[in-house]
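When you get a sec, could you build the whole thing from the sequences and use the hints?
Residue numbers 22 to 227, in my numbering, belong to the letters of the sequence shown in order.
Please note: incorrect hints may appear among the correct ones.
[Unchecked claim] Here are the simulated distance ranges between beta carbons:
no.	residue 1	residue 2	range
1	E212	G24	33 to 43 Å
2	R50	E142	32 to 42 Å
3	Q83	S138	17 to 27 Å
4	H46	R110	17 to 27 Å
[What the hints assert, rightly or not] Using 20 Å as the maximum straight-line C-alpha spacing, the simulated EDC-like pairs for lysine to aspartate or glutamate come out as follows:
no.	residue 1	residue 2
5	K76	D121
6	K56	E114
7	K141	E195
8	K220	E150
9	K216	D156
10	K80	E180
11	K76	E87
12	K216	D206
13	K141	E190
14	K80	E64
15	K141	E198
16	K187	D136
17	K187	E134
18	K168	D156
19	K56	E113
20	K187	E160
21	K168	E180
22	K141	E64
23	K141	E87
Please keep in mind that the hints were generated in silico from the structure rather than gathered at the bench. Remember, it's a predicted structure, so these values are computed and weren't measured experimentally. Using N, Cα and C, we set each Cβ at its ideal position, and we do this for glycine too.
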Amino acid sequence: MQGRILRSFIVLEGLDGAGTTTQLHALARYYEFNKRRYAITNEPTSNPIGELVRKVLQKKVQTTPEALALLYAADRDDHLHNSAYGIIRMLEEGTVVISDRYLYSSIAYQGVECDLSFIKEINRFPSPEVIIYVDTPVEECIRRIDKRGGEKELFDRAEFLSAVRKNYEAAFAELPEGVNLIRVDGMASPEAVEKEIRKALSALSL
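In structure tokens form, the structure reads like this:
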């Protein structure tokens, strides 16, 4: 992780099933209500590299953990720097950008099966101004994933998610100065979590 911080860039992180996507859309409503220019996005993206990542997660394409980590990093580089739709371009235009997942997901997830120094090296991307971590217990995440039905994705296993959770905590312990970590209780109601996030962002003038 590099020391550069991208102002007005907000990232949602959490285990699969934590509720990050729910809060992504809640934040969209928040900025819409306040008439702020904003954009919501996610990783993996819906762009060509991101679509390949999704096929691996859905077990439609098989590859090595290292190759998957490189695909995530390539998708992220395009997500940030693409001159047509990249995050940095939107930020420079005065847009608040909210992403469901960013490089911390790579450290947390790919760091389980790959050498952590390798994951950090290929993810030397700028930091967001704000990380919102929806802290939800592994058991609850698995319950929510099961409730969705359908085939589970590649990482939707309790033992794996427990290791992911530890990697998140290690990554957050090394955040550069100036990155704001907002930790919210994923066991609270979606409305309560939304309210807590809005309060924290308001305090940061975001």
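Here is how each hint holds up against the structure:
1. E212 to G24: 33 to 43 Å: 36 Å, holds
2. R50 to E142: 32 to 42 Å: 38 Å, holds
3. Q83 to S138: 17 to 27 Å: The hinted range 17 to 27 Å holds for Q83 and S138, with Cβ atoms some 25 Å apart.
4. H46 to R110: 17 to 27 Å: Given range 17 to 27 Å: holds, Cβ gap about 23 Å.
5. K76 to D121: 18 Å, holds
6. K56 to E114: 16 Å, holds
7. K141 to E195: Answer holds: K141 to E195 is near 12 Å, not above 20 Å.
8. K220 to E150: This hinted pair holds, its Cα atoms lying about 16 Å apart.
9. K216 to D156: Roughly 15 Å between the alpha carbons, so the hint for K216 and D156 holds.
10. K80 to E180: Holds - the C-alpha atoms of E180 and K80 are around 19 Å apart, at most 20 Å.
11. K76 to E87: 16 Å, holds
12. K216 to D206: Given that 20 Å is the threshold and the Cα spacing comes to 12 Å, the pair holds.
13. K141 to E190: The hint holds at about 15 Å.
14. K80 to E64: 17 Å, holds
15. K141 to E198: 18 Å, holds
16. K187 to D136: 15 Å, holds
17. K187 to E134: 13 Å, holds
18. K168 to D156: 19 Å, holds
19. K56 to E113: Judged against 20 Å, a Cα distance of about 18 Å means the pair holds.
20. K187 to E160: 15 Å, holds
21. K168 to E180: The hint holds at about 18 Å.
22. K141 to E64: 17 Å, holds
23. K141 to E87: 12 Å, holds
When held up to the earlier numbered hints, the structure conflicts with none and fits them all.
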